[in-house]
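Asks: These protein sequences, in sequence, are chains H and E. The numbers in the UniProt record's numbering rise by one with no breaks, and the one at position 108 of the first sequence is 108. The numbers in the UniProt record's numbering rise by one with no breaks, and the one at position 268 of the second sequence is 268.
Because the hints were derived from the structure by calculation, they are not lab data. For each residue, glycine too, the CB sits at the ideal point set by N, CA and C. Treat the hints loosely; a few may be bogus.
[Said to hold, decoys possible] Interface residues of chain H toward chain E, partial, derived using beta-carbon atoms under 8 Å:
(1) Lys100
(2) Asn101
(3) Gln107
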Amino acid sequence: MCACNVEVVKLVGKYLNTPVGPICYNTDKVLTTVLDKQNVEGFASIVLRLASKSGSPMSQEQTLLCYQWLEHIAMYSNQAATNPTFAKNFLQDINKALEKNTFLTGQFLTVADIAAYYVLYSIIERLSVLERESILHVCRWSKHIQAQPRVCASKPPLPLNTLTLSLLAPAVH
Amino acid sequence: MAAGVLYTYPENFRAYKALIAAQYSGVDLKVAPNFVFGETNKSEAFLKKFPAGKVPAYESADGKVLLTESNAIAYYVANAALRGADAATQARVLQWMSWADSELLPASCAWVFPYLGIMPFNKQNVERAKSDLLSALKQLDAHLLARTFLVTERVTLADIVVFATLLHAFQHVLEPSVRASLVNVQRWFLTLAHQPHVQKVLPSVSLCAQAPVYDPKKYAELAGKKDGGKKDKKAEKKPQEPKPKKEEAPPADDLELDEKPKESKDPFDSMPKGTFNMDDFKRCYSNEDEAKSIPYFWEKFDPENYSIWYAEYKYPEELAKVFMSCNLITGMFQRLDKMRKQAFASVCLFGTDNDSTISGVWVWRGHELAFPLSPDWQIDYESYDWKKLDPASEETKKLVHDYFSWSGTDKQGRKFNQGKIFK
Ligand SMILES: N[C@@H](CCC(=O)N[C@@H](CS)C(=O)NCC(=O)O)C(=O)O
Chain H
1 MCACNVEVVK LVGKYLNTPV GPICYNTDKV LTTVLDKQNV EGFASIVLRL ASKSGSPMSQ
61 EQTLLCYQWL EHIAMYSNQA ATNPTFAKNF LQDINKALEK NTFLTGQFLT VADIAAYYVL
121 YSIIERLSVL ERESILHVCR WSKHIQAQPR VCASKPPLPL NTLTLSLLAP AVH
Chain E
1 MAAGVLYTYP ENFRAYKALI AAQYSGVDLK VAPNFVFGET NKSEAFLKKF PAGKVPAYES
61 ADGKVLLTES NAIAYYVANA ALRGADAATQ ARVLQWMSWA DSELLPASCA WVFPYLGIMP
121 FNKQNVERAK SDLLSALKQL DAHLLARTFL VTERVTLADI VVFATLLHAF QHVLEPSVRA
181 SLVNVQRWFL TLAHQPHVQK VLPSVSLCAQ APVYDPKKYA ELAGKKDGGK KDKKAEKKPQ
241 EPKPKKEEAP PADDLELDEK PKESKDPFDS MPKGTFNMDD FKRCYSNEDE AKSIPYFWEK
301 FDPENYSIWY AEYKYPEELA KVFMSCNLIT GMFQRLDKMR KQAFASVCLF GTDNDSTISG
361 VWVWRGHELA FPLSPDWQID YESYDWKKLD PASEETKKLV HDYFSWSGTD KQGRKFNQGK
421 IFK
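Pulled out of the complex, with its shape left as it was, chain H reads as follows (with noise of 0.2 Å):
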């Protein structure tokens, strides 16, 4: 099954509120969609069109950064999904990404966050509280988006904040 699939388009395009046109695989096994009478192509591509569609603008840098990492991903997850060790990695370079910058682009909350979140969902998931513990900077952040408004419209929030977090950092010090 692939992760970067219809059903993460289709919770991006809610959280927009921007409808996803038809989307389905073409012929050779890439994501398609006909929006404003054009296809477009591939996961990255789709996701930034139904960004700039909803209307929430962008620097030319932030798209440029947005494209990067949803390509990034959209390469990548689906062998993380299916394989433990190379998720391992795969998150560990998010969490190195995220270490320094509060989201994924930098200092500003950016569609590539939303449709990352989604697609790490349900990698994330499945770790055992140990393993969360090693990508500490990732669940940082998966909270933080998961507490935008609309993100969790269509999915119950990752139990984050209980175990790992209240743990290593007690709310009031």
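Please arrange chain E with the ligand on chain H, whose structure you already have, making use of the hints.
Replies: Only chain E with the ligand this time, still in chain H's reference frame:
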């Protein structure tokens, strides 16, 4: 609504708390135009409303609400989202605001102000402040490991107040290598600095690019201005900065500056000249090989009227980079400029980056520690352990030889790296 006027001088980090909060809440908060620090806030009209004469101070548009204390003002012009939704959240917000005032602010001021020249530089005090602030920041870093913002998943007054309180430190003393050890704090700080509402008040925050360097002239200038003798002394202070705590600015410094003429006298004048001619020795040391100059030193040295000292830097664990350590030594030499005439020293750095020590051999006129003789000389010497050497002992002969000729090792056997001569 909480629309009103904020009395403050420009670039006051305390005023930023309220100004940023007002951006979030949409409250119309204007900075009082034509405010002159030391005048406006000491005027009768102002004191009638705000008897303490301190800023920031707030007056609501209808004149009914008068407030001082920057945290209270920020609270008033904020909105429910910034203050917290329930009592527990509000209490946590309050907790961080108090923490900023008690755990961060005093240490931050005592560390930053000497470098800005608004407080005298005392190595020990600065070191203590630095370690206090860093240990508070360690706590903050642990807290932010698993959090995006301090209290909830969005910006609250807690973030705004702690951010404003840390502004000076981030701009002036928290150099890149220090920030690298506080990666969560830095991430949080930068995210706040980039929030659109924050940027309306602070369009760009530039972070400290390198370890701060103390400039004694700055303090002398500002302190001199302060004593310039016009009206209220306080009013003469650089308005951009809050006033340093009283106990940290010993009045002795003011007195010294008042008595300029005396200062130019050589403090060594009160001691007998003896037979050792410092200038002759220095000339010999500069021009000749140590094989000649060291015997010359022992031949001419006058133990009656001169003394030899061994000095060891007390905080070797803080000597990260060799070049910084060298700056430490040359900085000290600069500050001791007036001591040159009757003193000589060779101070050496042993070891390498992150594993080094500083020590030296000093010679000067008189038998007491020379530094208390002049207020200018007191900045650095407390950072060293001083041991008077017996000129007759073999041990001293060896130390003098090793340090004057830049050979040998430190006590733990670290190799000689660099030396500086005070002459
Ligand atoms: N705790 C107060 C401190 C206010 C304060 O000390 N203000 C200083 C300038 S930053 C002042 O107005 N000093 C004038 C004076 O003491 O005469 C706050 O946070 O507002």
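Asks: Any of the earlier hints contradicted here, and which numbers?
Replies: Per hint list: zero violations.
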